[in-house]
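Whole structure, please, built from the sequences with the hints as guidance.
Sequence lines, in order, name chains A and B. The working numbering runs 174 ahead of the 1-based position in the first sequence. The working numbering runs 174 ahead of the 1-based position in the second sequence.
Please note that the accuracy of each hint is not assured.
Pairs involving identical chains hold if they fit within one copy or between any two copies, as the list cannot separate such chains.
[Stated by the list, open to error] Lysine to any residue pairs mimicking SDA-like chemistry, simulated, CA-CA at most 25 Å apart:
hint	residue 1	residue 2
1	Lys571	Arg511
2	Lys342	Thr496
3	Lys313	His430
4	Lys342	His430
5	Lys360	Val330
6	Lys313	Glu434
7	Lys313	Thr282
8	Lys342	Gly392
9	Lys360	Asn293
10	Lys419	Glu494
11	Lys342	Glu308
12	Lys564	Arg233
13	Lys342	Pro202
14	Lys564	Ala546
15	Lys571	Ala546
16	Lys564	Pro523
17	Lys419	Pro498
For the record, the hints were derived by calculation from the structure and aren't laboratory data.
Each chain, written out:
There are 2 protein chains.
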Amino acid sequence: MTNPTTLGSYDPPIPLAEQISHEWMLDPAITYINHGCFGARPRVVSQSQQRWRERIEARPIELIDRRRDDLLSDAKAAVARFVGVQPQDFGFVTNATGGVNAVLQSLTFEPGDELLTVNHVYNAVRQAMRHVAERSGAKVIELPIPLPVQSPQQLVDAIAAGLTDRTKLVVVDHITSPTALIFPVKQIIELCEQRGIDVLVDGAHAPGMVDLDIASLGGAYYSANLHKWACAPMGTAMLWVRPDKQAPIHPTTISHFFGEGLAAELSWQGTRDMSGWFAAPDAIAYFEQYGWDRVREHNHQMATWVQRMLCERWAGIGVEPTTPLDGSMIGSMTTLRLPERMREVGETPIELHDRLYDEFALEVPIFDWDDAWWIRASCQIYNTPDDYEKLADAVLKLLA
Amino acid sequence: MTNPTTLGSYDPPIPLAEQISHEWMLDPAITYINHGCFGARPRVVSQSQQRWRERIEARPIELIDRRRDDLLSDAKAAVARFVGVQPQDFGFVTNATGGVNAVLQSLTFEPGDELLTVNHVYNAVRQAMRHVAERSGAKVIELPIPLPVQSPQQLVDAIAAGLTDRTKLVVVDHITSPTALIFPVKQIIELCEQRGIDVLVDGAHAPGMVDLDIASLGGAYYSANLHKWACAPMGTAMLWVRPDKQAPIHPTTISHFFGEGLAAELSWQGTRDMSGWFAAPDAIAYFEQYGWDRVREHNHQMATWVQRMLCERWAGIGVEPTTPLDGSMIGSMTTLRLPERMREVGETPIELHDRLYDEFALEVPIFDWDDAWWIRASCQIYNTPDDYEKLADAVLKLLA
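Structure, rendered in structure tokens:
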């Protein structure tokens with residue numbers, strides 16, 4: 175293991191408890207440093223979901239018809255406190271992409287309208303933007319912001335430079351998926367609101383990674399996953415809309431409560447398994463036993479250390495920092511550009527991934543972005559410094 | 175118990191096995207004769223889903239990213255055989271309403287276009303039609319077909335009379351939700367296809383209730399639930415589209431595979447719990463142990479008997495048959511019109527429902543339709559004749 179003293183103040187965090195990984199459902203045979211992709215579940219969360227399912231299946235009509243509003247209300251109250259919204263201004267959706275689709279497909283665009291985003295946008299959201307643009311004659315503008323970046327202001331400036339009189343909507347990630355950057359969404363929203371332009375924030379990675387107070391950001395739309403960094407059951411996400419913007423917004427599945435307001439419409443999107451939504455408060459509570467501030471700080475400190483450690487260990491193969499080494503622009507993930515030489519190890523990012531998985535039991539995403547290969551390391555409380563040391567070693571071994 | 179001999183040949187069916195209800199998750203304290211609403215689950219199906227969830231959560235990326243296509247392919251193969259489609263022509267969705275929304279929202283309508291349906295339409299689908307009509311300037315035409323009906327031809331004739339040169343789409347239930355009628359969808363499709371009009375069938379109740387061969391019906395679009403009469407986990411449904419009609423149809427949530435074809439697009443609608451979809455074959459297999467033909471026949475025979483028995487027992491309070499007593503127009507549900515006098519028992523259908531639930535532990539839907547109150551009894555293999563005798567008695571006691 176790297177001696178942390180060589181890293182100055184960038185020490186790995188103290189574990190929040192002993193053997194925390196035993197509380198999780200992940201296979202201990204795999205070194206799992208891809209929490210960012212689908213999250214992961216503490217066993218107690220899955221057990222809570224299973225208890226809800228048993229209750230629902232014992233009396234289906236009573237639970238998800240007659241008592242649905244009360245049960246959703248309880249679950250929403252816990253989520254509302256956690257992310258800083260009013261219960262009447264949001265509802266559960268299956269995933270953040272679905273929430274983004276609900277907004278994009280509800281809005282009306284005219285030929286020539288511009289939908290603005292950046293090249294760090296999540297690919298599914300890119301596709302959803304492309305779809306609504308194609309069918310309305312609007313245009314998607316994707317601003318390139320190459321790495322490295324030095325400051326949040328650089329990101330604000332880049333977006334400011336892309337606004338035009340035809341910009342109708344800005345779509346921005348709170349934390350970007352490929353590049354793991356925290357975008358200064360509050361400043362971006364202020365900038366756009368001054369110009370009368372609405373902002374749709376894709377907060378897929380935000381709840382649980384950053385301390386979130388959605389309503390205070392001031393934007394029009396915020397879609398977020400609870401199954402990623404808050405570790406609720408898969409299929410648990412939320413769509414929040416500022417009260418003055420709710421009227422035209424509908425779920426992607428229109429159902430009985432069409433026309434009765436966004437929260438009512440979202441409360442019934444056809445028959446579905448609501449057990450995950452009902453269990454969401456238990457995911458929030460799981461982390462509360464450690465303290466959410468400590469959890470976020472642990473994961474952020476780990477990501478900051480990982481970024482620096484990997485840059486040190488991989489300096490010889492040409493890996494350089496792409497965001498400030500003090501961790502000021504990242505949360506609990508860090509993305510690094512892999513050197514061209516990695517193409518000797520595999521012909522595609524998938525091949526390189528598969529070698530890391532098959533030969534080292536490492537689960538870590540490798541992908542193309544901006545004409546290079548990148549690797550993203552995620553840090554959740556079940557991870558230990560050894561996980562990332564193993565990654566550092568494995569890449570060097572593959573290149574040796 | 176009513177002496178079956180008074181019913182001539184309309185005997186209740188012989189149970190498929192002893193104590194079948196023990197295999198189900200329903201609370202035995204409730205007499206559950208509302209299978210049609212959300213279905214119900216055999217315990218083995220929920221256990222299968224839970225095993226899939228354990229596998230997914232142990233290795234999330236491996237299961238729902240790298241192995242997803244294979245796992246979906248296995249699940250789809252079993253479903254495809256069951257409902258008579260090719261795997262490449264359909265995908266899983268959360269519920270039939272979602273599938274209907276995907277089609278309606280993908281199509282383009284012009285001002286003045288007519289979307290035709292009948293007043294037996296499921297309310298959520300009515301709302302989805304209203305939504306796409308409102309935003310395009312199209313019109314929804316809802317043909318009234320009052321009960322009683324005597325023959326399938328009456329239904330075909332009613333729809334034929336509603337077709338105009340402006341009809342762009344006919345939306346019809348295979349089995350209607352409020353009125354439990356089997357619509358002659360093959361004849362309706364033939365009629366419409368001759369006129370160059372596409373038909374979207376809402377088969378919410380069809381898989382498991384009727385022997386289904388979707389592709390042979392010849393329609394353009396078929397959306398169906400697997401969580402209702404096939405008893406797959408909640409949130410398991412399917413959308414099939416005839417090959418020549420697939421190009422413009424997209425899931426309600428656009429994601430990574432946008433533009434790669436309907437089946438590919440449906441294979442990834444954002445992160446979600448796929449355990450229910452993977453477990454769908456085990457729901458089909460559960461019924462196979464009894465034989466699907468026997469299951470359908472059992473449930474149909476029960477519904478036919480229930481319809482006649484209730485009409486006999488309730489003749490004195492003014493309940494009359496609304497479909498042929500030979501059961502030729504129903505599957506495994508029967509709907510009866512309640513007399514005006516029921517309003518003495520409760521001020522609303524919900525109040526009447528609640529009295530049946532609270533005082534008799536009966537779970538059965540009571541609702542408004544076509545300016546009257548109706549009751550719908552569902553028959554699944556866990557039901558016994560006593561369940562419906564209890565209902566017959568309870569209604570008479572409430573009126574006494």
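Going through the hints against the structure:
1. Lys571 x Arg511: Close inside one copy (18 Å), not across copies (76 Å); limit 25 Å.
2. Lys342 x Thr496: Neither: 31 Å inside a chain and 54 Å across chains, both beyond 25 Å.
3. Lys313 x His430: between (33 Å within a copy, 19 Å between copies)
4. Lys342 x His430: between (30 Å within a copy, 24 Å between copies)
5. Lys360 x Val330: So Lys360 and Val330 pass the 25 Å test inside one copy only (10 Å; across, 58 Å).
6. Lys313 x Glu434: This pair counts as between: shortest inter-copy Cα distance 21 Å, intra-copy 32 Å.
7. Lys313 x Thr282: Classified as both: same-chain Cα gap 13 Å, cross-chain 19 Å, threshold 25 Å.
8. Lys342 x Gly392: Within one copy only: 17 Å inside, 43 Å across.
9. Lys360 x Asn293: within (19 Å within a copy, 49 Å between copies)
10. Lys419 x Glu494: Neither. Shortest intra-copy (43 Å) and inter-copy (50 Å) distances fail the 25 Å Cα cut-off.
11. Lys342 x Glu308: Both, since 15 Å and 23 Å are each at most 25 Å.
12. Lys564 x Arg233: between (49 Å within a copy, 18 Å between copies)
13. Lys342 x Pro202: This pair counts as neither: shortest intra-copy Cα distance 48 Å, inter-copy 56 Å.
14. Lys564 x Ala546: within (23 Å within a copy, 70 Å between copies)
15. Lys571 x Ala546: within (21 Å within a copy, 76 Å between copies)
16. Lys564 x Pro523: within (19 Å within a copy, 64 Å between copies)
17. Lys419 x Pro498: For Lys419 and Pro498, the Cα distance exceeds 25 Å both inside one copy (36 Å) and across copies (51 Å).
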